[in-house]
Amino acid sequence: MHEALMHPGREALIQGRSLSQVTEDICRPLDGRPTLLWWAGFLPALALLALGVAAVGYQIATGIGTWGLNRTIGWAFDITNFVFWIGIGHAGTLISAILFLFRQRWRTSVNRAAEAMTLFAVMCAGLFPIIHMGRPWLFFWIVPYPNTRGSLWINFRSPLVWDFFAIGTYFTISAVFWYVGLIPDLATARDRTKPGLRRRIYEIFSLGWNGSYRTWRRYEIVYLLLAGLATPLVVSVHTIVSWDFATSVIPGWHATIFPPYFVAGAIFSGMAMVLTLMLVARSTMGLQAYITERHVDVMCKLIILTSGIVGLAYATEFFTALYSANQYEQFVFKNRALGPMAWAYWTMVSCNVITPQFFWFKAVRRRFGLVFVLTLFVNVGMWFERFVIVVSSLHRDYLPSSWSSYSPTSIEVATLLGSLGLFFTAFLLFCRFVPVIAIAEVKGVIGTPAAAPAHAAEVRTGQTPALAGMEA
Amino acid sequence: MARRTMIGVFSREEDILTATDAARRDGLTILDVYTPYAVHGLDQAMALQPSRLPWVCFLLGLLGAVLKVWFEYWTTAVSWPINVGGKPWNSLPAFVPVTFEVMVLFAGVSTVFAFLLVAKLRPWRKAAVIHPRVTDDRFVLLLEQTDASFDVGRVRRLLERHHAVEVEERDLQEVP
Chain Z
-13 MHEALMHPGR EALIQGRSLS QVTEDICRPL DGRPTLLWWA GFLPALALLA
37 LGVAAVGYQI ATGIGTWGLN RTIGWAFDIT NFVFWIGIGH AGTLISAILF
87 LFRQRWRTSV NRAAEAMTLF AVMCAGLFPI IHMGRPWLFF WIVPYPNTRG
137 SLWINFRSPL VWDFFAIGTY FTISAVFWYV GLIPDLATAR DRTKPGLRRR
187 IYEIFSLGWN GSYRTWRRYE IVYLLLAGLA TPLVVSVHTI VSWDFATSVI
237 PGWHATIFPP YFVAGAIFSG MAMVLTLMLV ARSTMGLQAY ITERHVDVMC
287 KLIILTSGIV GLAYATEFFT ALYSANQYEQ FVFKNRALGP MAWAYWTMVS
337 CNVITPQFFW FKAVRRRFGL VFVLTLFVNV GMWFERFVIV VSSLHRDYLP
387 SSWSSYSPTS IEVATLLGSL GLFFTAFLLF CRFVPVIAIA EVKGVIGTPA
437 AAPAHAAEVR TGQTPALAGM EA
Chain G
16 MARRTMIGVF SREEDILTAT DAARRDGLTI LDVYTPYAVH GLDQAMALQP
66 SRLPWVCFLL GLLGAVLKVW FEYWTTAVSW PINVGGKPWN SLPAFVPVTF
116 EVMVLFAGVS TVFAFLLVAK LRPWRKAAVI HPRVTDDRFV LLLEQTDASF
166 DVGRVRRLLE RHHAVEVEER DLQEVP
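So the sequence lines, in the order shown, correspond to chains Z and G.
So for the first sequence, this note's numbering puts the first residue at -13; every next one is plus one.
So for the second sequence, this note's numbering puts the first residue at 16; every next one is plus one.
Any given hint might turn out to be false.
[Said to hold, decoys possible] Restricting the straight-line Cα-Cα distance to at most 30 Å, the calculated cross-link-like pairs of lysine-lysine (DSS-like) are:
no., chain 1, residue 1, chain 2, residue 2
1, Z, Lys180, G, Lys135
2, G, Lys141, Z, Lys180
3, Z, Lys348, Z, Lys287
[Claimed, not checked] Now the stretches of chain Z that chain G is said to cover, found in silico as 3 or more residues with beta-carbon under 8 Å:
no., region
4, 133 to 139
5, 151 to 164
6, 209 to 221
7, 244 to 253
8, 366 to 375
It is worth saying that the hints were derived from the structure and are not from the lab.
Glycine included, every Cβ here is placed at the ideal spot set by N, Cα and C.
Chain G on its own, in the form it takes in the complex (with noise of 0.2 Å):
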């Protein structure tokens, strides 16, 4: 079903950092903010929660390093055990290097492909590029046109008082 949407076009930092503010505290619905690079501050003016992909390096960084200890004490104690040098069977200070190292790969490699996952990015995606010029210096606020209360004219003029410089109403068949 396609969205009725509302789209402000902005030129500076600071006016879609007040705009998203503006138009979150009118309550109206902010489907996302694009922008060229990551503005400091949108997330609070957005009101995101917090990322939660700090668990999944920590949970998969302690998986590979659990994982790793007990390969090498299944492979040196149990599988084949060989005498290197007179030490114990299960040298675990010797295991120390290999565990970090499994673990710092394990962790960032998986952050990296949950990122992916959840921010939907992949290979031969066609990208839903909202504005052309939204990579390059353009700032841009997608609101939805909730119900009938959304009174396009008072919206219109929030995001031109924030100093946009287009103002657009669009459908969108799903959201970018």
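Same shape as in the complex, but just chain Z (with noise of 0.2 Å):
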């Protein structure tokens, strides 16, 4: 009841823990060995990786010849992968800096996760554009910088350049957030670890952060201007990515809607991906106390709610094409749903639409193993979302002459996977070497058991201590 009336905000998400078994739960994954189902984890997916690598050694070194594009099709499964894995970063910064605004506690558990995923995604995003280039090695052109050339600069008039601004300035911006957040955990690391290399390693990271409020209470300024700057940037930087799309002439690309259709997308899966990870950080780090039944239940409910909002673009969609009165536009549509690639358009429609209205049911939510199973859905139905719009709108544009059809060839494919594999790998690690769960801010969200009933009377009730002491 006191501790209720002192804290408001602190529901039972995390119970009966104390400051130090957090420290201790959150920090001993890291001491030991990695589990068997950690290897079992990481050697695929260093296996992807490898594939990954050899297969981008190899279109370079042999060109883009070894790509399934053609003159129609000039863009396909390098900006369907890019757009996917900038849409799965998204909800890493949903979580860490909008639902911080909003003041949403239960994000502590999985925030940490969640950027760090954000970073990866956006790694592994930023490798498309490069390779797609075809001469990545002139990838530097892209930079303003003063040359020989003239200076001949670059055009800022392209949504191009914009885009590499916005997952410039993302990827900073978030690698930042995430390592900031760190600072206090890394030093709550090194303080149990004895003297060694690993010791060092963390004194090195921690800054040498010993806990004084004073810069406690700075951090947590610079969090929350952190938080501040990452909400708007995140919904420019898919707004910016669906403007490489809608700023051509394309019909199917050229609409107003997509700034907003992306990025409701991009959270959705995001939300998804990071459902994903949450559920396997949970079993396999054994994190059960902190990733709870209630996390999982209110990430389902997000889903369910991004899905409408995917659902409602898509209808929408259709319905402008309609009302449009342009038979290029309606053609577009009419396409899709039933053209050579309707078999992409309904598999996307199933996946992001159908599949999430079964987390309606409280008994699916409670269920992981069905969760995780839904949210696999839920991914590949965005990939193939963007793989709908890239394609299927290039592939039978104004003139029927210059119609076309795409299949990846097995280097794209393969590229695919090494992203896949270069994400786990990078998030497997992560799990490994870096404490998965913000403990600091764990640790705030529990606070420390109240008083007992003797003690209670010398704290006045309903108020915290410290506001008592300002009314003097």
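Mind assembling these two chains? They're in different frames, but the hints should get you there.
What follows is the structure in structure tokens.
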């Protein structure tokens, strides 16, 4: 009762844990040898990464003829993968920044892992435009630097340039946000590690953090400011990604709905990926006490919500095409649903709009195996959404004489698998070497047990003691 | 010069809050408080001034935005104007996205650097840990024994009244 009065925001999310138990629970997996389950995930991921490295090496050495692209379909797999991975990243920022601003304290158990997911997803995403350039060693040409060609500057009116700045800023701010959040926890890990190499590394990266409250207070301000900056940033990033398409004159791309549609889709796909990873981390790292039924429940509900928004966007696109009285626009959408790529379209609709409806049932939300499978469906569906947008809009444009078809080559598929390998390798290494849960934030949520009734009389009920001091 | 200090170690959040508050109202010099997480309300208990970091964020963000608008204008309208689809040299609306991104980048990165600077956090800095469990589950109040009027016995009783689990006198070369 007393505790509830003092900290009305503290609900019983994580029960019956003392502060040192929290430290112990989260840091223990970092001390010992990795579990068998971890190796079972890591080795296949590493193998996929190696496959991807080989595929990328081969296509760079040989040339872009190794792809299935043609003159009609100039964007396909690379750009699909790029948009897919960027979208995955967005839910990490949603959880770490937007839910922070809304004071959703349940996020504390998942935000660290979600931010890490963002970082790795943006890394994967960033690779694809570079590979897609065909001559990736000239990548630096997109940076506006004084050069011997004039100086010939980049075209600041091009959405592709905007995209470069957006992705660059997004990666940097996500990395900084993640690292700032990590400093106190690295100090916690440092102070419980025996002298040796591991401790030296923790010492370097914890920057001499000693728990001083003056530092804590500045830290909180910085965290709030970064959250405030990351929130509009995340919206801007996928908006700019959508402009890569929307500023062109291809029917099916040239639509004003694209920015909100892309942002909603990004958050939807990212939520599903967070949930997939959470369920994996929960069982492989033994974090059942921290990632609880309630976390899974809340995330499932968010998936229903964002799935609804995405479904509405699909319907709106069709309505707009119908209402536009533009024959090219109408044709593209008819072709999308009934043409040769209809299978991709209906895979997308069934995975993104139909499967999430199962989450309405509490019985489904309680069965984590089922939740895991359903989130995989959403991940697949969102990949297909990007494939549909990119390929089905391009393959039949204005002139029937230029119509074409596309199927990926083995090299392109290997590159996609390689990016999955990179993502999971990085995520599993993260689980292994860094506290997966924000220790200090979890401690802030659970606090310390209230005073025994005998002591309670000293504290004025209903006010924090510090505030009580301020009225004098 | 070494400073004579008194250290109170607490195991509960509300104890550190009440103890800090009581120490401040008693006129004692609070050098710092060390906690395993950000305890809300301690800033009032310690009577700390508001941080100026939001200003760094705002001004550096503004600087980034201004520099970027100027740079985009200079490259596309002055240094080498190129006709892109008949658009004006100075296509301000098209400059908005990149300007926004650069503003966020400047504001975010500079705020973090300013924070590391004022909090004196840097790699290879030896952490001055006041108590081995302060990053785990202990809350520490660090008081300075300013002059002869500092009554060790009375302060000890004050700390113990607020359920201090350890009270200790210590000479510190520098305040961490």
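Do the hints match the structure? See the list:
1. Lys180/Z / Lys135/G: Answer holds: Lys180/Z to Lys135/G is near 25 Å, not above 30 Å.
2. Lys141/G / Lys180/Z: holds, 16 Å
3. Lys348/Z / Lys287/Z: holds, 10 Å
4. 133 to 139: holds (count 4)
5. 151 to 164: Check passed, 8 qualifying residues.
6. 209 to 221: n = 6 at 8 Å, threshold three: holds.
7. 244 to 253: Violated, because only 0 residues of the region 244 to 253 of chain Z bring their Cβ atoms closer than 8 Å to Cβ atoms of chain G.
8. 366 to 375: violated (count 0)
Violated hints for the displayed structure, listed by number in ascending order: 7 and 8.
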